[in-house]
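Student: Chain by chain, the residues run as shown.
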Amino acid sequence: MKKLISLTTLTVCGFAFEFDLKPIKVSENSYYFEGKKEYFSPSNGGDISNSAFIITKDSVILIDTGSTVEYAKQLKEKIKTITNKPIKYVINTHHHPDHFLGNYVFKNVNIYGTTYTLNEIKSHGELYVSNMANLIEDTAYTTKSLSPNKVLKEGTLKLNNYELEVYLYDGHTKSDVVIFDKNTKTLYTSDLIFNQRALATPHADLQKWIKTLEKLKKFDFKTLVPGHGAVAYSKNVIDENINYLTFLDNRLKNSVEEGLDTFEILSLDVPNEFKNYSLFTQEYERSIINLYPSYEKKF
Amino acid sequence: MKHIFFFILVFLATTASAKNPIISPTFDDLVKSIIGEEEYIFDDKNITIKVPSFADNPVQVPIYVDATKIKDAKRLIIFADLNPIAQIVDMPTTKLLPIFSSNIKVAQETPLRALVQDSSGLWHVGSANIHSNGGGCDISSQASQNSEFSKFLGQTKGQVFDKKGITRIKASVFHPMETGLIFGNTKFFVDTILIKDGNSLIDEIKLTPAISENPRFIFETKNKYTNLNILFKDNDANSFELKF
Ligand SMILES: [Zn+2]
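Line by line, the protein sequences are chains A and B.
With our numbering as the guide, the letters of the first sequence map in order to residues 1 to 299.
With our numbering as the guide, the letters of the second sequence map in order to residues 1 to 244.
These are computed hints drawn from the structure, not numbers from a lab.
Remember, it's a predicted structure, so these values are computed and weren't measured experimentally.
We put the beta carbon where it would ideally sit given N, CA and C, even for glycine.
Please note that a few of the clues may not be correct.
With a straight-line cut-off of 20 angstroms between C-alpha atoms, the simulated DMTMM-like cross-links for lysine to aspartate or glutamate are [stated by the list, open to error]:
#1 K157/B / E296/A
#2 K50/B / E285/A
#3 K215/A / E154/A
#4 K170/B / E257/A
#5 K243/B / E257/A
#6 K275/A / E240/A
#7 K253/A / D205/A
Just a few of them, taken from the derived set where beta-carbon distance is under 10 angstroms, the chain A residues facing chain B [said to hold, decoys possible]:
#8 L135
#9 V256
#10 D261
#11 E264
#12 S267
#13 Q282
#14 Y292
Next up, chain B with everything else stripped away, as it sits in the complex (with noise of 0.2 angstroms):
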């Protein structure tokens, strides 16, 4: 019964185009949360979602998003259906390409979204479903129960690597991303990255603590800067700075 329940409902959400290639209970909340009414389409053909074929480690599930084919994106956000926390990233994609690259939390077996809007305001949206046992997201950060932690916190390391006309930059930062939904931990986490040529700023990405601890990321950008440098900010107002 359920089932047919879903099914009418998968359904009527659906246009001419391309189905919801993985269905979930969450998606269509979570989709109209994030971008209201505005129109979406499913194009997993524009939108390369690469997820490990089982991921072992549900703290540490690397993900990688490139959607270069859709030339004129705006924006980039991407989030799992069945994530306490379902958002991940939101970020502009007019000077950044529509690229990402970063390890991620799963509660569960879940659905991975991109949603990248074009000039024209629709939205793309991607799919990959990420399979796994599940347990990232309750469990509370290891780097947050080590006594030592406060001396690494907020070490930063990066490269920025030059091929092929793209800049990409590699960055990562010591920081333990606790998510807060254990009881008796306070959220504290990366909330904002931003990316600066000398002082100006390039573009400011949102992060949330679905982002695994001693967080990696990648970035690109066809654009050349001569003085790159990247500042992370947490919630709790501490600011670190990476110089390359």
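The following block holds chain A by itself, in its conformation from the complex (with noise of 0.2 angstroms):
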């Protein structure tokens, strides 16, 4: 009932969520959106995950597009106050509904995932977008799945002789994005970093997870745009995502030997520098309870 009603102020009043949405800038030609290091709620309209462009000569690369339509919509009136060239490609990163659920928007332009990314959103998009309405309400109303229509392969990717590098890992999910633009030496890292905010781990595969990063440590960056929270300029933020998912891991494997309930692992001590990464109670929480079944599953 309390959503018929607020449908029906949304459809009378044109009521849409006021994003208020910055561009910060990362280099003379690309910028980024932070998401607040909050989780999904009403009172922000699900923006809790960055978004990045890039100005080539004639075209904008647009690298993820958020949790709903109308941030997404939000964000290409933004980007036209930057620069007067179109949107002509757009990057999604990985399946997780904040960095796709943007998408519809951008229909009628070359969208690139990878085939894992495609056929992730193409057989759960729906079911995203009406968990997603049950977390933010009025503002996810609008909003519809749509997977991309390019595969995303490893490799050189050049779009209107703009020049990227894409390379395909894993960890964060089954198949994470990472895009190096040796121009501007940024680094894109998607949610295989988040910065000084608690990692979320619905599907990661934490091992995984930290050879990857690893691997990160060697690209010779000058900036590195994470998934969530704000840019940095060194390779500690790496360090300190793999210091997490060590820790993480490491007390997953010791409460099995010690044959602890998920409970037990909560009540237990955790170092003072990831208590104050934001929302690492629930993060923490989630995190011991989706991962524990099956690291219990090997003794």
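Two independent chains are provided; combine them into the complex using the hints.
Tutor: Spelled out as structure tokens, the structure:
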């Protein structure tokens, strides 16, 4: 009933969530929008992850489209205030809803995603939309799922004569895209990096994730744009993520050996450096609950 | 109006002891169907129930009940007020401690209750609320849709842990725990766990398909047993053995 009422208000008043998006300059031709370090809620309209864009000679390349169609619409408008070149290319870094549910706004452009991401969005996209509506309510009601229409492969991606290096990794999900822009030495890491925000692990493989992060340390980047949190300029941020994942992996392994129950793990002490991450309590609990059964299987 | 009606009901049902901490429309009927006219009190002080702060995955919700503060507990029953299959487990707690850990399915946000009977016959009721978007009981088991499933059916795993005079048994079995609530699916679940010392029975635990697929359990006892083993029996007359 509550939903019905808000839906009516939506259509009658033309209510739209005001995202107040602020493009932050990364280099002479690249910008990113920083999502709030919060969990999905009606009051943030689902704006919790980062999107980025690169301006080329006569086009714009957009990396990730946010949690809703409404967000993506406002994103498009904001980009127009920086450049009048059209958004001709969109890249989805992975299949998590906060990174692709804005796709529908770009239904007439080339949307790139890996085969895995494309299939996941095709088969579970609508489920993600209804989950989003449960979490953020009104702002999600105009959202429709749209899967990528171009398969993204590893190697050089030439878009309008602008070259990007594409790397396909895994760990945060089964398919995580990392983009290196050699022109500006910017590394777009997708959700393989969370900066000062607790890592989200619903589809994670911790050991693979750690291995991937070791590879990211080899890149000669000037700026790193994470999936959540502020841009970083040093490899410390990668080490912080490795430390947290190693801590989580060890804690789960040791708990299996000691025969602990899920809630006994959750009552153990946690190093302060991790407790200070935003959303630590929620994400840590979620990680232990989701991951512990797969560790227990090995006993 | 509905609220006032509930309020009056609750008011009438409340004795001098603690009030029901989580009101639900089905609690009174459920309690009656399980313990009849026997007396009960709400006792969150002596019963610890742990549930996630939000259950993201409604088909795998971990729960942990510890009623060891009730020294002479005889029996432990756990149910979820708003689940289509409300009852979860029924176990004797004279040789086993009144502790239970497993994963359950929830159909929607629901109170979870642990009923513990002491030696005077009085039931103590512990309560906790499980927040979830639900969908857990009417989703068909994933395993039962897996063609590889027959290969693994009944595979058991377990380990015994010794900690400060208490023996903890962790045990799991590969089983779909199919509720039968989906049209076309037949009920197929582990309904009994026999915990044994050699050939002699220690305790018999009754389960329902409200327990998650590929169930895992923790049981504890203060007694010393030299030859612990477990038999999982399902409603299709299969039995699967776990030897430590
Ligand atoms: Zn993600």
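Student: Taking the hints in turn, state whether each one holds.
Tutor: Structure-based check of each hint:
1. At roughly 10 angstroms between alpha-carbon atoms, K157/B and E296/A fall within 20 angstroms of each other, so this suggested pair holds.
2. For the hint linking K50/B to E285/A, the alpha-carbon distance of about 12 angstroms falls within 20 angstroms, and the restraint holds.
3. The straight-line distance between the Cα atoms of K215/A and E154/A is roughly 15 angstroms, inside the 20 angstroms bound, and the hint therefore holds.
4. Under the criterion of a C-alpha separation no larger than 20 angstroms, the hint pairing K170/B with E257/A is consistent with the structure, at around 11 angstroms.
5. Using a Cα cut-off of 20 angstroms, the hinted pair K243/B and E257/A holds, with the two alpha carbons roughly 18 angstroms apart.
6. As the CA atoms of K275/A and E240/A are separated by approximately 13 angstroms, the hinted pair is consistent with the 20 angstroms bound.
7. With a CA separation close to 13 angstroms, the supplied pair K253/A and D205/A stays within the 20 angstroms bound.
8. At a threshold of 10 angstroms, the smallest CB-CB gap from L135/A to chain B is about 9 angstroms, leaving the interface hint in force.
9. Here the hint on V256/A is kept, as its CB sits about 9 angstroms from the closest CB of chain B, short of 10 angstroms.
10. The beta carbon of D261/A is positioned within 10 angstroms of a beta carbon in chain B (closest approach about 5 angstroms), and the interface hint is therefore held.
11. The criterion of a C-beta within 10 angstroms of any C-beta in chain B is met by E264/A, whose closest approach is roughly 8 angstroms, and the hint holds.
12. A least Cβ separation of about 9 angstroms between S267/A and chain B falls short of the 10 angstroms threshold, and the interface hint therefore holds.
13. Here the hint on Q282/A is kept, as its CB sits about 7 angstroms from the closest CB of chain B, short of 10 angstroms.
14. For the restraint placing Y292/A at the interface with chain B, the shortest Cβ-Cβ distance is roughly 8 angstroms, inside the 10 angstroms limit, so the hint holds.
When the structure is compared with the earlier hints, no violation turns up for any of them.
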